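S.K.: One line per chain: the protein sequences are U and S, in this order.
Residue 0 is where the first sequence starts when you use my numbering, and the numbers rise one by one after that.
Residue 5 is where the second sequence starts when you use my numbering, and the numbers rise one by one after that.
What the hints contain is simulated information worked out from the structure, not anything from laboratory work.
Since we're looking at a predicted model, the values are computed, not measured.
It is possible that some hints are incorrect.
Footprint (simulated), chain U over chain S, 3 or more residues, beta carbon under 8 Å [unchecked claim]:
(1) 92-100
(2) 165-172
(3) 330-338
(4) 360-373
(5) 388-397
(6) 582-592
(7) 692-700
Beta carbons are placed, not taken as given, at the ideal position from N, Cα and C, and that holds for glycine.
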Amino acid sequence: MQSALDPAGHEAAQVSHLFEAMVIGGAVIFTAMIGLLLYAVQDHKRRRTVSEEGAAKLILWGTVGTVAVLFVLLAVSLSVWSGLRQWDPEPGAPQLQISVTGEQFWWRVTYHPSDGQSVVTAANEIRIPVGQRVNFILNSADMIHSFWIPPLGGKMDMIPGRTNHLSLLATKPGVFRGVCAEFCGESHALMAFAAVAMEPADFDAWLAARANPSPAAAGGEGLQAFLRQGCSACHTINGTPAAGKVGPDLSHVGSRQSIGAGILPNTVETIARFIREPDMVKPGVMMPSYAMLPENEIQAIATYLKGLE
Amino acid sequence: MSARGTKKGGGTAKAPGSDDRQKREAQEKRLRAVWKSPSGWRYWTSVNNTDIGVWYASTAFMFMLFAGVLALMVRTQLAVPDNDFLSADVYNQAFTLHGTVMMFLFAVPIFEAFAIFVLPGMLGTRELPFPRLSAFGFWSFLLGGVFVCGSIFFGAAPNSGWFMYPPLATSEDAGIGADIWLLGLSFIEVASLAAAVELIVGIMKFRAPGMRINMMPLFAWYLLIVAGMILFAFPPLIAGDILFEAQRLLDWPFFDTSRGGDPILWQHLFWIFGHPEVYIVFLPAIALMAMIVPTFAQRPIVGYSWIVLAAVGTGFLSFGLWVHHMFATGLPTISLAFFSAASEAVAIPTGVQIFVFIATLLAGRVIFSVPMLFGAGGLAIFVIGGLTGVMVAIAPFDWQAHDTYFVVAHLHYVLIGGMLFPIVAGLYYYYPLIGGKLLSARLGKIAFWLMFVGFNVAFFPMHLTGLRGMPRRVFTYPEELGWDWLNLISTVGAFVFATGVLVVVFDAVRPKGKALDASRNPWNAGTMEWATPPSENWGMRSIPEVKSRYPLWEEKELLREIDEGRWYLPDAQEGRREALMTSVLDGEPQEVFRVPGTSYLAFICAMTLGGVFIAMTYHAWWLALISAVAFFVALMGWIWTGTGQIPEKNEKDVGRGLKLPLYVSGQPSAGWWAMFITMIGDGTAFGSLLFGYFFYWTIHEDYTAGLPGPGMVWPLVALGLFVAAWLIMIISKRLNSAGRVGLFRLALVASLLLTVAGSGAGLAGPWLYDMNPELHVYPAIVWTLVIWTVAHAGVGVIMQAFCLAGSFAGRLTPRYDKDIHNVVLFWHFMAVTAVFTFAVIGLFPRAL
Numbered sequence: 000m001q002s003a004l005d006p007a008g009h010e011a012a013q014v015s016h017l018f019e020a021m022v023i024g025g026a027v028i029f030t031a032m033i034g035l036l037l038y039a040v041q042d043h044k045r046r047r048t049v050s051e052e053g054a055a056k057l058i059l060w061g062t063v064g065t066v067a068v069l070f071v072l073l074a075v076s077l078s079v080w081s082g083l084r085q086w087d088p089e090p091g092a093p094q095l096q097i098s099v100t101g102e103q104f105w106w107r108v109t110y111h112p113s114d115g116q117s118v119v120t121a122a123n124e125i126r127i128p129v130g131q132r133v134n135f136i137l138n139s140a141d142m143i144h145s146f147w148i149p150p151l152g153g154k155m156d157m158i159p160g161r162t163n164h165l166s167l168l169a170t171k172p173g174v175f176r177g178v179c180a181e182f183c184g185e186s187h188a189l190m191a192f193a194a195v196a197m198e199p200a201d202f203d204a205w206l207a208a209r210a211n212p213s214p215a216a217a218g219g220e221g222l223q224a225f226l227r228q229g230c231s232a233c234h235t236i237n238g239t240p241a242a243g244k245v246g247p248d249l250s251h252v253g254s255r256q257s258i259g260a261g262i263l264p265n266t267v268e269t270i271a272r273f274i275r276e277p278d279m280v281k282p283g284v285m286m287p288s289y290a291m292l293p294e295n296e297i298q299a300i301a302t303y304l305k306g307l308e
Numbered sequence: 005m006s007a008r009g010t011k012k013g014g015g016t017a018k019a020p021g022s023d024d025r026q027k028r029e030a031q032e033k034r035l036r037a038v039w040k041s042p043s044g045w046r047y048w049t050s051v052n053n054t055d056i057g058v059w060y061a062s063t064a065f066m067f068m069l070f071a072g073v074l075a076l077m078v079r080t081q082l083a084v085p086d087n088d089f090l091s092a093d094v095y096n097q098a099f100t101l102h103g104t105v106m107m108f109l110f111a112v113p114i115f116e117a118f119a120i121f122v123l124p125g126m127l128g129t130r131e132l133p134f135p136r137l138s139a140f141g142f143w144s145f146l147l148g149g150v151f152v153c154g155s156i157f158f159g160a161a162p163n164s165g166w167f168m169y170p171p172l173a174t175s176e177d178a179g180i181g182a183d184i185w186l187l188g189l190s191f192i193e194v195a196s197l198a199a200a201v202e203l204i205v206g207i208m209k210f211r212a213p214g215m216r217i218n219m220m221p222l223f224a225w226y227l228l229i230v231a232g233m234i235l236f237a238f239p240p241l242i243a244g245d246i247l248f249e250a251q252r253l254l255d256w257p258f259f260d261t262s263r264g265g266d267p268i269l270w271q272h273l274f275w276i277f278g279h280p281e282v283y284i285v286f287l288p289a290i291a292l293m294a295m296i297v298p299t300f301a302q303r304p305i306v307g308y309s310w311i312v313l314a315a316v317g318t319g320f321l322s323f324g325l326w327v328h329h330m331f332a333t334g335l336p337t338i339s340l341a342f343f344s345a346a347s348e349a350v351a352i353p354t355g356v357q358i359f360v361f362i363a364t365l366l367a368g369r370v371i372f373s374v375p376m377l378f379g380a381g382g383l384a385i386f387v388i389g390g391l392t393g394v395m396v397a398i399a400p401f402d403w404q405a406h407d408t409y410f411v412v413a414h415l416h417y418v419l420i421g422g423m424l425f426p427i428v429a430g431l432y433y434y435y436p437l438i439g440g441k442l443l444s445a446r447l448g449k450i451a452f453w454l455m456f457v458g459f460n461v462a463f464f465p466m467h468l469t470g471l472r473g474m475p476r477r478v479f480t481y482p483e484e485l486g487w488d489w490l491n492l493i494s495t496v497g498a499f500v501f502a503t504g505v506l507v508v509v510f511d512a513v514r515p516k517g518k519a520l521d522a523s524r525n526p527w528n529a530g531t532m533e534w535a536t537p538p539s540e541n542w543g544m545r546s547i548p549e550v551k552s553r554y555p556l557w558e559e560k561e562l563l564r565e566i567d568e569g570r571w572y573l574p575d576a577q578e579g580r581r582e583a584l585m586t587s588v589l590d591g592e593p594q595e596v597f598r599v600p601g602t603s604y605l606a607f608i609c610a611m612t613l614g615g616v617f618i619a620m621t622y623h624a625w626w627l628a629l630i631s632a633v634a635f636f637v638a639l640m641g642w643i644w645t646g647t648g649q650i651p652e653k654n655e656k657d658v659g660r661g662l663k664l665p666l667y668v669s670g671q672p673s674a675g676w677w678a679m680f681i682t683m684i685g686d687g688t689a690f691g692s693l694l695f696g697y698f699f700y701w702t703i704h705e706d707y708t709a710g711l712p713g714p715g716m717v718w719p720l721v722a723l724g725l726f727v728a729a730w731l732i733m734i735i736s737k738r739l740n741s742a743g744r745v746g747l748f749r750l751a752l753v754a755s756l757l758l759t760v761a762g763s764g765a766g767l768a769g770p771w772l773y774d775m776n777p778e779l780h781v782y783p784a785i786v787w788t789l790v791i792w793t794v795a796h797a798g799v800g801v802i803m804q805a806f807c808l809a810g811s812f813a814g815r816l817t818p819r820y821d822k823d824i825h826n827v828v829l830f831w832h833f834m835a836v837t838a839v840f841t842f843a844v845i846g847l848f849p850r851a852l
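Isolated chain U, as found in the complex (with noise of 0.2 Å):
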C-alpha cells in the first residue's frame, strides 16, 4: 500500500517501468565492470599481461560506451519525462483541485470541486477519483514538508511561503499510504494519511456528502464535553458550534481509515488514547494532553468522535 513499485497511478507506473529498465541496463552494466575487474586483478601468473596500447584502448572505448549510454538513458527518460505533471496539463478539462498544508505532524485538506460545488474541508485523508487528474496545491504552515503518495507517483516538497503543485492521475481503485517525506521535526515518522482512489461516481457522492455535516453531529453528552473542554478552541466539527481552525477538521473523522494522521487505527480505543497522552502517541505534538478529564467524559467524547460519519 505505500509501495513506488506496485503503482496504481500514471506517473507511479512510469517511473517503474523507467526503474525496471535501468536496474537490467545497471545489471549488463555491473557485470560487465566486475568481470573486467575481476580478470584485471588476477595474479599476474595466473593470466598474460596486455599490451599498453591495449589498455589505453580500454579507457577510450570504456569512455566511449559511458557516453552512449547515458545519451540513451537521457533520451528515453525525457520522453518518459514529458508526459509527466506539468507537461501534461490536459487544458480545458475541468479538474479537481485539492489544496493540501502541511502542519507538524498532520495534513489539512480542503477539496476545490471543479463544478462550483461546496468547497469541503478535511484533515489527514485525501480521497480521488480513478481516471482523473487532479491538482493538489500544496503548501506549508511550519516546516518543510514533502507530499508522497509512492503506488500514485513522486513527491513533491511543501514549503512555507511557497506554493507548489502537483498533478497525479489514479489508474486503480484501493487504498495507499502516503507519508511526509522531508525531514520535519521530532515526529516526521508519524506524519502520514490514508489515500483512497473511488470511483468517479463514488467519489463524486461521498464528496456530496461531505459538504453537510455528519447525522451524528448534534450528539448529547459527547458533544456537550466536547464543547466544555475547550475542544473546540481548535477543532471543527460541521454543524455544532465547534469551529476552531488550529488543529484538524473533525466533521467526518468517524469515517477516516485511520486516526492521529495515519499512525492508529481509527476505534473508540484509540481516540480515547489520544486524547489522554497525545503526546506518548506522537512526540513534540501540539495538543496537550487531557489525561486529567474523567475517564467518563474522554469515553464520551471518543465515542461521539467515533460516530462522526
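Go by the hints and put chain S onto chain U.
M.R.: Then chain S, alone, in the frame of chain U:
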C-alpha cells in the same frame, strides 16, 4: 632498519671513505637535531608533518568510530517495527550527528591527515610550507569536533538533520543544537580552508626540483584539485552559516518568509557546498587508489593525462549538480532537465578514472595483497553506487527515490565504496611509513570480508526498502508495510560490518613487537614518499632532482644517493629547518625556504579562536570578547615572529654547486600564494552573500518591500574612499621599493585613515536611513554586505598598521618587503569587495 636497503646498493657504486662517512654522520646529527620533535608534554607543541598527520588521522578515525556507534544505535532502533529503544528526539540527534560527524569530522579531515602525512615525501620535499598552520588546523579540528560530538551527552546535539534546513533548524524545535552545529562546524570549516591553502601552496611551490607539473604523483594532482574545490565549496556554506546564525542570534529574517526571507536560499547555499563536498571526499580516496594500483600492477599508470583530465572534469562538473538535491522543491522543469543532464555527465569522468585503473591492472603484472583487496572491493561497491547515482539523477525517478532509503543505500554505496574502502586500503598501504611495521595480511583479509559482506547485507536491501516507500529519518515505522524483515537484515549486516571495522582498528593499534618489519619500500613502489625513512623526522635525507613520474623505479641509484646526502640541502648548518621552494610549472629551484619549527602559538590560536565560537554558542559575550582579544594577540605574535624573517645572509649553497636566495618576496613567494589563495576563498564567500542579495531580488516583486535603502550618496562616498585607499597602497609599495621609506610610511598612514573614513561612510548609509535589519530581509542583507566589507577593512587596517610597525622595527625594508607585497595583494581583493558592495547597495535599487 632504515639503512638496510641502502647498504646493499651502496656497495657496488663506490666505497665511501671514512671522511665521507664522518661528514655524513655530522650532517645527520645536525639534521636530526633541527627536525627533532619536542619531548615530554611539549611533544604536543610539535608541528612536524609526520606527528600532525598521525594525530590528525587518529582523531578522524576516533570520530568515525563515534559516528559508527551512532549508526549502530540507529540500526538497532530500526531493527523491528514500533521499537522504543531510542526516543524520537534522541534518534533525531543520533542520525543528525551521524551524518554531520562522518562528513565534517571524518571524511574531509581524514584526507587532510593523509595529505599532511605523505604529501611532503611524495613531492620530494621535507615539510609542507606552513607546518604551524597544519598544527592550528589539527587543534581546531580536535576542539571543534569534541565540542560538536560532546553535545549529544547533554541531550543538546543538533537534531534537524545534517543539512539543517530552515525553518526547522531556525525554529525553537532546534534548540541550542543548531547553534552548536553552525558555530562548531564553521570553526572546523575555517580549519579546512587553512588546510586547503597549505596543500595548494605545498603542491604548487614545494615540489622537488625538476618535478614539472605533469610529472607530479597523481595523489598530488588530486589533492590540488580537491583543495581548489574546498576553496570554492566551503565559502558558500560559511556565508550560509553567517546568514543562519544572524537569524538565530539577531533575528535577521533571511529564511523567514513572513519578513521577505526564503528557506530555499539556504538549500542553494548548502548544496552548492554539499554536492562538491561529495567529490571533495571521493577524489582523495580515488587518489589513494591512483597510488596503490600502479604499485601492485608494478607499472606506471596507463593514461596519466586521461585520469588527470578526468579528475579536473569531475571537480568542475561537481559544482553544476547541486540542484539534483532539490528536484522535489518545485523548481521549473527546464532547470530540472538541465541539472539531470549535468548529473548524468559527471558519470563520464568518473567512469574514465575507473577504466584507467582497470587498464593499468590489465597492462601490469599484478601482485595481489590487502590494499588491493580493499581497493578492488571498494571499486565493486562504488560501481553499484555510481549506477544508482545515474538513476537518481533522472528527475522523475528521483521524485520517487528522493528522501527514501533508496538514497540512503545509494549514498553509502558511493561513500563507503568510493571513500572508506580506499581509505582502509591506504591505511594498509602507508602504515609502514608510520612505524616501519606492516599490518597483518591475515587480519586484513578477515576485516575485508567482514566489512564487504556486512556492508552489502546492510545496504543492498535498502534499495528495496526505499522503493517500498520507507522515507529517511523516521525513528519508527508500522509493521504492516513490508519493511520489517528488510530492516532486520540491514541491522544484522551493519553489526557484521562494524565487526570488520573493529578488526582493522585492532590491527592498527595492537602492539607490533612480532609484526613483520617493513623494508624501506615494502611494496616496491615507484614514488618518492617511500624514500622518507619512518625512523627519522627529516623526511628526505637530501632533496633530489626528479626526472620522471616514478623516480624510484626509473633511477635505481636514487634512493641510495638521497640517503647518502648527495643531493640538495643535505645539511642544516645554520640550525634551521629548510626546504626548497620551486616554480609552479617547471619546478625550478627559487629559494631556500626556512620552514617554521615547533611552536605553541598555533595551539593557543586554535584554542582561543575555538573559545570565541564556543562562547558565542552559549551567548557568553564577555568570554567571547576575551577569547577574541587573546586570539588576536596570539595571531599577531605568530605572524610577527614566524613569518617574513630577515635571513642572516642573502643566499646559500644548497649542494651540487647550486646557490639559492634565502629571501624572496612578491609573486614567487609562498606567502604571496597563500594570501592569493585565501582571498580567492574569501571572495567566494563574499560572492555567495551577493548571490543572496540578488536571490531576494529575483523572488520578490519588490525586494525592498518599499523600505528605505542606504541612499546613493553614502555608498558612493565609501566606494570612492576605498578606491583611494587602495590606490595609495599600490603607490606605497612602489615608494618602499624605491627606498623612500619616509613617504612610504606617510602613504600607509594616509591609506589607513582613508580606510577608516570609508568604513564610516559605508556604515552611514544604512544607519542614517534607519534600516532596521529585524524588520525585513532587504535591510538585513544590505547590513550584511556592509558589515562584511567593513570587517575586511578592519583586517586591512590591521595589516597597514602591521606594515607600519614592521617598517619602524626594521623587519620591513626596501630590500625585505614580503609584508607589503602580501598586504597590497589583500588590498586588491579588498578594493573589489568594496566596489561591489557599495555599487550594488547604492546603485542597484536605482537601476531598476
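S.K.: What hint numbers does the structure not satisfy?
M.R.: 6, 7
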